[in-house]
Each structure stands twice: as structure tokens, then as C-alpha cells.
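Asks: Its first residue numbered 2, the sequence shown is counted upward by one per residue in the working numbering.
FYI, nobody ran anything at the bench for these hints, they're computed from the structure.
Computed from a prediction, not measured in an experiment: that's the story for all the values here.
Treat each hint with caution, since some may be false.
[Stated by the list, open to error] Heads up, simulated DSS-like pairs for lysine-lysine below, C-alpha to C-alpha not over 25 Å straight-line: (1) Lys45 / Lys60; (2) Lys50 / Lys60; (3) Lys60 / Lys94; (4) Lys71 / Lys60; (5) Lys94 / Lys61; (6) Lys61 / Lys45; (7) Lys94 / Lys71; (8) Lys71 / Lys61; (9) Lys71 / Lys45.
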Amino acid sequence: MRGHIEVVELLLEQEDFGLVEMARDNGKNALHFAARQGHVGIVKALLEKDPQLARRNDKKGQTALHMAVKGTSCDVLRALVDADPAIVMLPDKNGNTALHVATRKKQAEVDLSNKEIHQNKIRSDCLARNVQILSQHSSYWELHSRNKWYI
2 MRGHIEVVEL LLEQEDFGLV EMARDNGKNA LHFAARQGHV GIVKALLEKD
52 PQLARRNDKK GQTALHMAVK GTSCDVLRAL VDADPAIVML PDKNGNTALH
102 VATRKKQAEV DLSNKEIHQN KIRSDCLARN VQILSQHSSY WELHSRNKWY
152 I
């Protein structure tokens with residue numbers, strides 16, 4: 002699966018092939034790999050076939066969005082969040098959301114909060130955890146001191 006969208010679409014048409022259901026021993030599926038590698042066309046094709054695929058996690062509890070923030074494609078991030086906005090707040094087995102992973106990877110250009118995807122309840126439930134994680138990073142405090150309105 003190296004970005005060959007036509008091949009992926011043909012495989013998705015074959016119901017008995019099971020591309021959507023397939024996963025490796027580590028629990029990663031085709032969407033995890035496509036998201037990590039930045040193949041937006043494949044990500045969209047897989048999500049069109051099964052939108053719930055965005056919520057499937059690997060053995061570490063990571064979704065395709067966790068994998069996407071480790072990559073460099075903002076288009077993949079957008080496709081995943083558009084398919085299911087709530088995945089932004091899904092934690093892995095360590096309690097980390099994709100936003101936490103992006104912060105640790107210092108992916109400054111990854112802005113999962115740019116779209117109005119969070120409802121107030123989701124924000125309030127997760128704000129304390131996000132602040133706890135983010136406050137451990139010096140870049141957070143530098144930003145916070147310059148922008149008092151940030152939180």
C-alpha cells in the first residue's frame with residue numbers, strides 16, 4: 002500500500018478480500034498505515050467504505066489520528082477529523098489523545114483545535130488532562146506567558 006489509490010479502490014470493491022477488517026498482530030490496520038504515511042486518497046477511500054474505521058485502535062490503543070500526527074500531512078488529519086470529530090479526544094492506553102502525541106512530537110503545524118470540532122462538554126471533560134500534559138512542556142509555558150488568553 003504505497004499510495005496506489007486505484008489498487009486500494011479495487012480491493013475495497015472486493016467484499017470478500019476484507020481489506021477494511023485486516024489488521025496486523027500489533028492491531029494496526031490499513032487506515033493506520035495510510036494515515037502515518039500521509040496517503041490522503043487512501044485514507045478517504047477507507048473511511049468512505051467504513052467510517053467507523055477511524056475509531057479502531059491498535060494494541061497500544063492508538064487510532065489512525067494518533068498515527069497521522071506522527072506524519073506530516075494536514076490533509077490526512079482533516080480527513081480523519083471530518084469523518085469523526087470525536088476521535089480527537091480518544092485516548093490511547095496511556096491516556097494520551099492525538100493532541101498530546103502531536104505536542105510531544107513538537108508538531109507545531111498540527112492544529113487539531115483549529116476547526117470547531119469540540120463541543121463544550123468534550124472541552125470541559127478533557128481540559129484538565131490537556132493542561133496537565135501540556136504544562137510539562139516548556140514551549141507551553143513560553144506560549145502561555147506571551148498569550149494570556151491562550152487557555
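Asks: Determine which of the earlier numbered hints do not hold for this structure and return their numbers in increasing order.
Replies: Going through the list in order, the structure violates no hint and respects every one.
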